[in-house]
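Residue numbers (my numbering), protein chains in the order written: chain C, 1 to 111; chain P, 1 to 115.
A couple of the hints might just be wrong.
Below, a list of computed lysine-lysine pairs in the BS3-like style, where the Cα atoms sit at most 27 Å apart [claimed, not checked]: (1) LYS11(P) <-> LYS71(P); (2) LYS69(C) <-> LYS14(P); (3) LYS103(P) <-> LYS57(P); (4) LYS103(P) <-> LYS3(C); (5) LYS69(C) <-> LYS98(C); (6) LYS103(P) <-> LYS98(C); (7) LYS3(C) <-> LYS69(C); (8) LYS71(P) <-> LYS103(P); (9) LYS98(C) <-> LYS3(C); (10) LYS71(P) <-> LYS57(P); (11) LYS14(P) <-> LYS57(P); (12) LYS11(P) <-> LYS57(P); (13) LYS57(P) <-> LYS98(C); (14) LYS98(C) <-> LYS71(P); (15) LYS11(P) <-> LYS3(C).
One-sided and incomplete, this derived list gives chain C residues near chain P with beta-carbon spacing under 10 Å [unchecked claim]: (16) TYR32; (17) TYR46; (18) LEU99.
What the simulated footprint calls covered on chain P by chain C, stretch by stretch (three residues with Cβ under 8 Å from a Cβ of chain C suffice, anywhere in the stretch; the number is not a length) [unchecked claim]: (19) 31-41; (20) 44-54; (21) 102-109.
Worth flagging that the hints you see were computed from the coordinates, not collected in a lab. All values derive from a computational prediction rather than experimental measurement. Quick reminder that beta carbons are idealized off the backbone N, C-alpha and C, glycines included.
What follows is each chain in one-letter form.
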Amino acid sequence: DAKTTQPNSMESNEEEPVHLPCNHSTISGTDYIHWYRQLPSQGPEYVIHGLTSNVNNRMASLAIAEDRKSSTLILHRATLRDAAVYYCILSYGGATNKLIFGTGTLLAVQP
Amino acid sequence: DTGVSQNPRHKITKRGQNVTFRCDPISEHNRLYWYRQTLGQGPEFLTYFQNEAQLEKSRLLSDRFSAERPKGSFSTLEIQRTEQGDSAMYLCASSLEGGNNEKLFFGSGTQLSVL
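Next comes chain C alone, as it looks inside the complex:
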């Protein structure tokens, strides 16, 4: 299984951009990169995903390295509500979309 490596924790200040890194050096050509986040006492929620090109949506941006061995989730202006555990996951492929979660990055946002 292709695995991802993320820092255990990061800190940010409110209203500043946050760059959350993820390494996935064993990614295969057909693996998509997914990001989910989990707020306290809630289930994970989808943030963004991509294959090769950078992606933007209302929540975040995803920057994917040209060799696809790493990616960065960008929160343009962190708010206190963005404090959560962020998971970088490679799609398992095959007949299901079973997601294999690691331990993620715990993002703390300071006012």
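Please arrange chain P on chain C, whose structure you already have, making use of the hints.
Leaving out everything else, chain P in the frame of chain C:
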């Protein structure tokens, strides 16, 4: 879209008792997943349904665990003869089949405490 609903939110039981959790997925979603999460860890995959068929089970799912999804709608996860090690958050997710663009929608989970 009312989201994925899980009941109960919390369950406290004594070791050796049986417990059952229910998950109501988003109505048009044909895929349903169960995960387990312990403190400080990411969710661990347990099992997966496509419609009413249980297509994959993790090795984590011992013989004491059974999941069903009759008629391809709601699902139940039963744990027989609970052990203290079963204490965890049990998460349900649903999705609409869509290959690698598929998004999973998670419920808020059922927190199980085995005394």
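### Message
With the threshold set at 27 Å, check whether the alpha-carbon distance from LYS71(P) to LYS57(P) stays at or below it.
### Response
Answer holds: LYS71(P) to LYS57(P) is near 19 Å, not above 27 Å.
#### Entry: Restraint outcome when LEU99(C) is required to lie within 10 Å of chain P by C-beta distance
6 Å, holds
### Message
Tell me if the straight-line CA distance from LYS71(P) to LYS103(P) falls inside 27 Å.
### Response
22 Å, holds
### Message
So if I understand the rule, the pair passes when the alpha-carbon distance is 27 Å or less; does LYS103(P) with LYS98(C) pass?
### Response
10 Å, holds
### Message
Need the status of pair LYS11(P), LYS57(P): alpha-carbon distance at most 27 Å?
### Response
It holds: about 23 Å lies between the C-alpha atoms, which stays within 27 Å.
#### Entry: Verdict on chain C covering the stretch 102-109 of chain P, criterion of 3 CB contacts below 8 Å
holds (count 8)
### Task
Could you grab the alpha-carbon distance between LYS103(P) and LYS57(P) and see if it respects the 27 Å cut-off?
20 Å, holds
### Task
Go through the hint on TYR46(C) and say holds or violated, using the shortest Cβ distance to chain P against 10 Å.
OK, holds: TYR46(C) within 10 Å of chain P, min 5 Å.
### Query
Given the hinted pair LYS69(C) and LYS14(P), is their alpha-carbon gap at most 27 Å?
The hint is violated at about 47 Å.
### Query
Does the structure keep LYS11(P) and LYS71(P) at a Cα separation of 27 Å or less?
26 Å, holds
### Task
Assess, step by step, whether the Cα of LYS69(C) is no farther than 27 Å from the Cα of LYS98(C), and give holds or violated.
Satisfied, since the Cα-Cα distance of roughly 21 Å is no more than 27 Å.
### Message
Would the hint linking LYS98(C) and LYS3(C) be met if the CA-CA limit is 27 Å?
### Response
The given pair, whose Cα atoms are some 14 Å apart, holds under the 27 Å limit.
In summary, the numbered hints that this structure violates are 2 and 15.
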